[in-house]
Amino acid sequence: MRIPWRTSHRELHRDVALVCLADGIVGVSFGATAVAGGLPWWVPVIMSLLVFAGGAQFAAVGVVLAGGSPVAAVAAGALLNTRLLPYGLAVADVTGPAEVSGAARPAGPGRRWLTRLLGAHLTTDESVAFALRHTDPAPRRTAFWTCGVALFTVWNVAVLLGVLAGSVVRNTAGFGLDATFPAVLLALALPTLADRRTCAAAGTGAAAAVALTPVLPAGLPVLAALGGLACLWRRR
Amino acid sequence: MPLLAVVALAAATFTFRIAGPLFRDRITVAPAAQRLLASAAAVLLVALAATSALTQDGGFAGWARPAGVLVAGILAARRVPFPVVVLAAAIVTALLRLAGVH
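Residue numbers (our numbering), protein chains in the order written: chain Y, 1 to 236; chain H, 1 to 102.
Because the hints were derived from the structure by calculation, they are not lab data.
Honestly, I wouldn't trust all of these hints.
Claimed, not checked - Heads up, incomplete: computed chain Y residues facing chain H, CB under 8 angstroms, no partners named:
1. A59
2. T146
3. L186
Unchecked claim - Here are a few chain Y residues that sit away from chain H, every Cβ distance over 10 angstroms (derived from the structure):
4. S8
5. L12
6. L132
7. P139
8. R141
9. L164
10. L185
11. L190
Said to hold, decoys possible - Quick partial rundown of chain Y residues pointing at chain H, CB under 10 angstroms, derived from the structure:
12. R83
13. P109
14. L229
Since the model is a prediction, treat every value here as computed from it, not as a measurement.
From the three backbone atoms N, C-alpha and C, an ideal C-beta is built for every residue, glycine too.
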């Protein structure tokens, strides 16, 4: 279906605003959970600026707050972010500098590199999803960068607000804040549980992780859940 | 959590992000490998959700938290908007605790 570019522009802003609102709430919950759990304020703040990937940030902080080692935390976060590699391949045409023919003032090599690095950093589930809604280069690029820049701003401001809230509010359990963390993870995971074999793998892995929690050092049960992937090969 | 761990996670993340645009002519991720990575991410997320909903310091976390997460999961499966899902988890858990269920 062809959508007139002008009307789809307004649609883009509305949809990006909705996504920013949702991620803003997650960001507040992340910042608050991290400091309420006893981490210094700068950990969620620096992490949000440098890592900028909600799921991995939650995973890493979750492992640490459960008493796991930093190595297990980094492993869990990094594994979740491997999906960014195929994402980067899918939207490589828009994350770098625009290939403009006959531009009045072509960007210098320094600026081209800066654009490329920045574009890579803004690659998230959301910005890629927005880019993939279009096939033409111009709207694809606009969608990616609009979502990426807006989300980066909102995410970091939200995490900062969460850090402030988490350090002021002493009784975070009374507000049910500890339930938002697993809820976010579950909501992130549900759309990816498309087929029955992935569901079986996730169910088996989760059951194993919960069963192993009292016996294994913190952080390891979640990684042990990857053994559930064996379900993918059974009963083919 | 030491700064080094944060930087290591950031470096790993950025490597995955920049590899696609830099080497797009040279890398092809086999569809099977891509599906395996997607499944691994799903398994990890669900396991983390389950352990953080049910356990606390190696023991049972109480009923209020998993109940809130369960309600959130049902809402998410029904495609209720994300902010509502997250708020529902907090509200259900907070109300249960207010009612004396821990």
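The hints, checked one at a time:
no., hint, verdict
1, A59, "holds, 6 angstroms"
2, T146, "violated, 18 angstroms"
3, L186, "holds, 4 angstroms"
4, S8, "holds, 21 angstroms"
5, L12, "holds, 18 angstroms"
6, L132, "holds, 14 angstroms"
7, P139, "holds, 19 angstroms"
8, R141, "holds, 13 angstroms"
9, L164, "holds, 18 angstroms"
10, L185, "violated, 4 angstroms"
11, L190, "violated, 5 angstroms"
12, R83, "holds, 6 angstroms"
13, P109, "violated, 15 angstroms"
14, L229, "holds, 6 angstroms"
Going through the hint list in order, the structure does not satisfy hints 2, 10, 11 and 13.
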